[in-house]
Amino acid sequence: MSDDKKVLRNFFNGLPQEILREIISLSAINRLNHGEFFESDTTDTICIVIDGEVVICEGNNLNKPVLTIKSGECARQTLPKITVSPARDSSAMVMVLNKRLLDMMPEQAQLFLYKKIYDSDNERISKYLFELKKCDEKRAVLVDSLRQKGLQKNKDLSKFEPVRKILDKIQRLPSSIENLMAQISSEKTTPRSIADLIKNDPSLTGIVLKRINSSYYCLEKKISDINYAIFYLGVDQIYQVIVAEGLRSTLATNPEFQKLYFHSVIISHISSEIARLALTSQPAVASTIALLHDLGKNVKFLLKEQNPKITDLIDFLEAAEIGNILLKSWNLPENICEVVKFHMHPGFMHPDELPQGIRPAVINLYVSHLVYDQILSSQTMEIKYAYEDECLDFLGWSGYDIKKVIEKILMPEFKRRSSLYPESFRKFLKIEKTG
1 MSDDKKVLRN FFNGLPQEIL REIISLSAIN RLNHGEFFES DTTDTICIVI
51 DGEVVICEGN NLNKPVLTIK SGECARQTLP KITVSPARDS SAMVMVLNKR
101 LLDMMPEQAQ LFLYKKIYDS DNERISKYLF ELKKCDEKRA VLVDSLRQKG
151 LQKNKDLSKF EPVRKILDKI QRLPSSIENL MAQISSEKTT PRSIADLIKN
201 DPSLTGIVLK RINSSYYCLE KKISDINYAI FYLGVDQIYQ VIVAEGLRST
251 LATNPEFQKL YFHSVIISHI SSEIARLALT SQPAVASTIA LLHDLGKNVK
301 FLLKEQNPKI TDLIDFLEAA EIGNILLKSW NLPENICEVV KFHMHPGFMH
351 PDELPQGIRP AVINLYVSHL VYDQILSSQT MEIKYAYEDE CLDFLGWSGY
401 DIKKVIEKIL MPEFKRRSSL YPESFRKFLK IEKTG
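Numbering (the numbering used here), first residue to last: 1 to 435.
No lab work stands behind these hints, which were simulated from the structure alone.
Among the clues, some could well be false.
[Unchecked claim] With a cut-off of at most 27 angstroms between alpha-carbon atoms, the simulated BS3-like pairs for lysine-lysine come out as follows: (1) 430 / 222; (2) 165 / 309; (3) 169 / 430.
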């Protein structure tokens, strides 16, 4: 008896001889040596490895493996075309048949082969689940390592002399704006009370009227009444204008700082709209955090300008933590400072692992960045993020990716409310003013 026949008999041990002969007559049995392969053009192919180990590839592309099957294992493939070849530098014996031929076999043979397929699938699933568990454990270790390294890197950063000197020199936000930000962060604050605060403060009124009548909004008629300005834009947009103007006063005028300011303003409009639609936080608070989130980068720019000999060291400083320290020195609400500190953590941390009290605001700001990046890179380009699905699930947008969120949810609202946005934001979105 040949070696191949012995292998076949051992594999089908327990089946009567006549059934084995029928299985062989209906199947294609191939002995493949190293470098050899065969193709199957039939949908729903069943591969049984009698001996050795094979790799199944999609189509005729040997560089696109779908599955590796070892001796004694089976696999059912529904691809329209597959290529089977021996794994590594070895030979293999493979039996190939399709579903139609399998249905023609005696019931005993069908039960035998279906059990082989079932057992192989169960074993494969168990291996996948085990590997998945190992990957999840490794991910948890890596996330914890990143967190610990971040804590060590930023330990006593506020005491680092160059950082301390820069922080002391940066102009604070005007006191009227700081007071407004404290009010907006209070759960007891209402839109009416914020509007009254703005109307009763001449400096805030001046900021609003000056900005709304500038080329920033490109209004056809000038507005001189603060009540009408608040009615026209709404409290959230008015608040955004005030904080944005206050922030601009703290930044330098060179191109790097202006680019940072433009980015923060765009993110603030996106973040405010996401908060309004997803109902995860107050739009005004979301807008504030977005305007302030990159102030740490501003500090790093200044550090490099004044300390050119240690720019490599400055690159290692965490901008988010510097921003957190700066905002704390301004006595801004703790929740705003903490969101700035954690705002990029969803890039490597599952939403459930974020601090619970600031989780909605952190996810809102992070998703705003994803939307910004996607729009900036053009709608045709697909960008993938580790916890994109989980973050969108948290916002109530399950089943969507960032591109669909922009297309189906955000862009229609941006267009509908386009008259409320400044010209720079409309240009960024490439939309026309309506209404």
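Hints the structure fails to honour: 3
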